[in-house]
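Construct the entire structure; sequences and hints are all you get.
The residues making up each chain are set out below.
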Amino acid sequence: MADHFVAAGSDADDQVVRALADYWRRTDPAPANVVAAAKASFTWRTIDQELVELVFDSSAESELVAFGAAASAETSDERRLVFESGALRIEMAVSSNDGTSLVGSLSPPARGEVVLRHPDGAITSESDDEGRFSFDHVPVGPICLRAMRPGGGAVQTDWVLI
Amino acid sequence: MGDDDLEALLRAAGSGDQRAWDALVDRFANLVWSIARSFRLSTADAADVSQTVWLRLVEHSSRIEDPNRLPGWLRTTTTHECLRAMRYRGRVEPFAELETAADPALDAELLADERHRAFSLALAALGHDCQQLLRLLCTDPPLSYADIAEVLGRPIGSLGPQRQRCLERLRRHPELRRIMGGPAGS
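Quick mapping for you: the protein sequence lines, in order, are chains Y and D.
Numbered according to the numbering used here, the first sequence spans residues -14 to 147.
Numbered according to the numbering used here, the second sequence spans residues 70 to 255.
Simulated from the structure, these hints should not be mistaken for laboratory data.
C-beta atoms are modelled at their ideal positions from N, C-alpha and C, and glycine is treated no differently.
Mixed in with the good hints, there may be bad ones.
[Claimed, not checked] If you want a taste of the chain D side facing chain Y, the calculated C-beta under 7 Å gives, among others:
{"id": "1", "residue": "GLN87"}
{"id": "2", "residue": "ASP91"}
{"id": "3", "residue": "VAL94"}
{"id": "4", "residue": "ALA98"}
{"id": "5", "residue": "TRP102"}
{"id": "6", "residue": "ALA116"}
{"id": "7", "residue": "TRP123"}
{"id": "8", "residue": "GLU128"}
{"id": "9", "residue": "ARG153"}
{"id": "10", "residue": "ALA154"}
{"id": "11", "residue": "ARG156"}
{"id": "12", "residue": "HIS185"}
{"id": "13", "residue": "PHE188"}
{"id": "14", "residue": "LEU206"}
{"id": "15", "residue": "TYR214"}
{"id": "16", "residue": "GLU244"}
[Said to hold, decoys possible] Beta-carbon label-pair distances, calculated as ranges:
{"id": "17", "chain 1": "D", "residue 1": "ARG246", "chain 2": "Y", "residue 2": "GLY106", "range": "51 to 57 Å"}
{"id": "18", "chain 1": "D", "residue 1": "GLY196", "chain 2": "Y", "residue 2": "ASP105", "range": "36 to 42 Å"}
{"id": "19", "chain 1": "Y", "residue 1": "THR31", "chain 2": "D", "residue 2": "HIS197", "range": "35 to 41 Å"}
{"id": "20", "chain 1": "Y", "residue 1": "ILE32", "chain 2": "D", "residue 2": "GLY141", "range": "44 to 50 Å"}
{"id": "21", "chain 1": "Y", "residue 1": "ILE32", "chain 2": "D", "residue 2": "GLU237", "range": "50 to 56 Å"}
Take a look at the structure:
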C-alpha cells in the first residue's frame, strides 16, 4: 500500500486516519491470550441462575465524592459494591491492604454457601446467620459471587473487576 | 457483516453454541481492546477489563433482544469498566507502544518499517486527548462520532474540530513530514 500525505485537507485527513488504523492494527491488536480468554469465558456460562446486577460501585462515584465532605473516607483502600435483584441484595467491600480481601453480606440474611468465582477457579465460604461472609487472598481480576436465595435457587452477581 | 448474522450468532450463543460465541469474540475483541487501550490502560489492565466485559456478556447475551444493541452494549460496558479500573487501580501509562515492540519478531518487522516508526514518534508527541480520539476513530468495527462522544463523555460537536486539529498536529511532526512526501512501502 502506498499512501501520499501531500495535501492538507479532508482527503489527506482520511488518508492519515487509514494509515493510523493500519498502524494500530499491526502494533496493538487484541493479544492472542486476551482473545483466548474471551472465548474461554463462555465456559462460565450458567443457565439456571438468577443474575444479581451491579447497582452501585464506589469506584465509579469517587470523582463526585472527592468534591464533598466524604472525600477522606473515600480515599481509603476500600471499595464498596452493591448488587440487587428484586428484594435480594448482595453487598461487598473489597480492600487491598496486605493482599486483597472481600467481606460482604446477603440481604435478606441467610446462612449458606457463598462461592467466589474467578477465571482460574473458585473459592468457597459460608455466610453466617446474619448473611455475612468473607474471603481472604482473593485473586485480582474479574470475580463474581454465587449464593443461594433464602427460599432456595442459586443467584450469581455480575462479574466485576477488582 | 449482516445484522441477520449477528442475530443468529447471538441466538446460537444464547443456547450454548461455543462456536457462535467464538465468532462474536473474533468480531468484537479488537473493539473492546482498542477502547481499553485508548484509556491508556496497561496491557495487563486492558486484558482484565476485556475479560470482565466478555464474562459479563456471557450472562447478559440472552438478555440482549435487539442484536443491533450488542456493539453499543460492549462499548458502554468497556468504557465504564475502564473508568472504574482507572479510579480503582489508578494506573495509566504514557503512550504505550514500547510494550508491543518487546516481541522480537514484531520488533524486527516494525523497525524495518519507517512508517510505523514515524507514526509512533508523532503519536507520542501528541497529548493524551488526541491519542485517545485518534485511536477511537480507528477501531474495527468503526465507532460513529455519536459513539465516540459517549465514550469520551463529551459533546459530539467538539469531535470534528478536534479530529482536524489532532491530525494537523500529527502531520506537522518532522518524522511524519519526512515520509509524507512520497510513497512508502508496506
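Classify the hint on TYR214/D as holds or violated, based on whether any CB of chain Y lies nearer than 7 Å to its CB. Nearest chain Y Cβ about 13 Å off; hint violated.
Should the interface hint for HIS185/D be scored as holding, given a Cβ-Cβ cut-off of 7 Å against chain Y? This hint holds: HIS185/D lies near chain Y, its Cβ roughly 6 Å from the closest one there, short of 7 Å.
Regarding the hint that TRP123/D lies at the interface with chain Y, is the smallest CB-CB distance below 7 Å? Hint holds; TRP123/D Cβ to chain Y Cβ min 4 Å, cut 7 Å.
Is the interface hint for PHE188/D satisfied, with its Cβ closer than 7 Å to some Cβ of chain Y? For PHE188/D, the interface hint holds, since the closest Cβ of chain Y sits about 5 Å away, which is under 7 Å.
Evaluate the given range 44 to 50 Å for the C-beta pair formed by ILE32/Y and GLY141/D. violated, 25 Å
Given GLU244/D as an interface hint, is its Cβ closer than 7 Å to any Cβ of chain Y? Violated - the Cβ of GLU244/D stays beyond 7 Å from chain Y, reaching only about 12 Å at its closest.
Can ALA116/D be said to touch chain Y, with a Cβ gap under 7 Å? holds, 5 Å
Classify the hint on GLU128/D as holds or violated, based on whether any CB of chain Y lies nearer than 7 Å to its CB. holds, 5 Å
Given ARG153/D was flagged as interface, is its beta-carbon under 7 Å from a beta-carbon of chain Y? Status holds, d = 5 Å.
Can the hint on ARG156/D be confirmed by a CB-to-CB distance to chain Y that is less than 7 Å? holds, 5 Å
Once the shortest beta carbon distance from GLN87/D to chain Y is found, is it less than 7 Å? Since chain Y brings a Cβ to about 5 Å from GLN87/D, closer than 7 Å, the hint holds.
Given a hint of 51 to 57 Å, does the C-beta separation of ARG246/D and GLY106/Y actually sit inside it? Since the Cβ atoms of ARG246/D and GLY106/Y sit about 53 Å apart, the hinted range of 51 to 57 Å holds.
Going through the hint list in order, the structure does not satisfy hints 15, 16 and 20.
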